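Following the numbering used here, the residues of the sequence shown are numbered contiguously, the last one being 83.
If you're looking for bench data, these hints aren't it; they were derived computationally from the structure.
If you're wondering where the values come from, they're calculated on a predicted model, not measured in any experiment.
A couple of the hints might just be wrong.
[Said to hold, decoys possible] Here are the simulated distance ranges between beta carbons:
id, residue 1, residue 2, range
1, Ala60, Val2, 31 to 41 Å
2, Arg55, Val3, 22 to 32 Å
3, Leu46, Leu4, 19 to 29 Å
4, Ala60, Pro8, 33 to 43 Å
5, Leu41, Glu63, 18 to 28 Å
6, Gly35, Asp72, 31 to 41 Å
7, His21, Ala75, 50 to 60 Å
[Stated by the list, open to error] In the SDA-like style, the derived pairs of lysine to any residue whose C-alpha atoms are separated by at most 20 Å in a straight line are:
id, residue 1, residue 2
8, Lys29, Arg55
9, Lys29, Ala69
10, Lys29, Arg44
11, Lys57, Ala38
12, Lys57, Arg44
13, Lys29, Lys57
14, Lys29, Ala11
15, Lys29, Ile53
16, Lys29, Gly47
17, Lys29, Ile40
18, Lys29, Gly7
19, Lys29, Val3
20, Lys29, Phe71
21, Lys29, Arg6
22, Lys57, Gly47
23, Lys29, Asp72
24, Lys29, Val67
25, Lys29, Pro49
Backbone N, C-alpha and C fix where the C-beta goes; we use that ideal spot for every residue, glycine too.
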Amino acid sequence: SVVLARGPFDAAADTALLRAHAITHVVAKNAGGAGAEAKILAARTLGIPVIMIDRPKPPARREIHDVDAVFDWLAHSGTDLGV
Numbered sequence: 001s002v003v004l005a006r007g008p009f010d011a012a013a014d015t016a017l018l019r020a021h022a023i024t025h026v027v028a029k030n031a032g033g034a035g036a037e038a039k040i041l042a043a044r045t046l047g048i049p050v051i052m053i054d055r056p057k058p059p060a061r062r063e064i065h066d067v068d069a070v071f072d073w074l075a076h077s078g079t080d081l082g083v
């Protein structure tokens, strides 16, 4: 089954949805916000296991914390400073 819906969602509606579809597991991504909160609360209410997919680690990158160094980096990377 495919359920198309648009949030915001609430725990009561998600609990009813999980029951209606006899859901046995919930898979959610850790997006860093409250988007999946209702779904997780509903799963807890019903005792359904939640599998949380963690966000990938960001790739190694250079960090610059000085404004002049940022402009030097932009100038040497071929980037137009007017961006």
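- Task: Against the earlier hints, flag every one the structure doesn't satisfy and list their numbers going up.
- Result: The structure breaks hints 5, 9, 11, 12, 20, 22, 23, 24; every other hint is satisfied.
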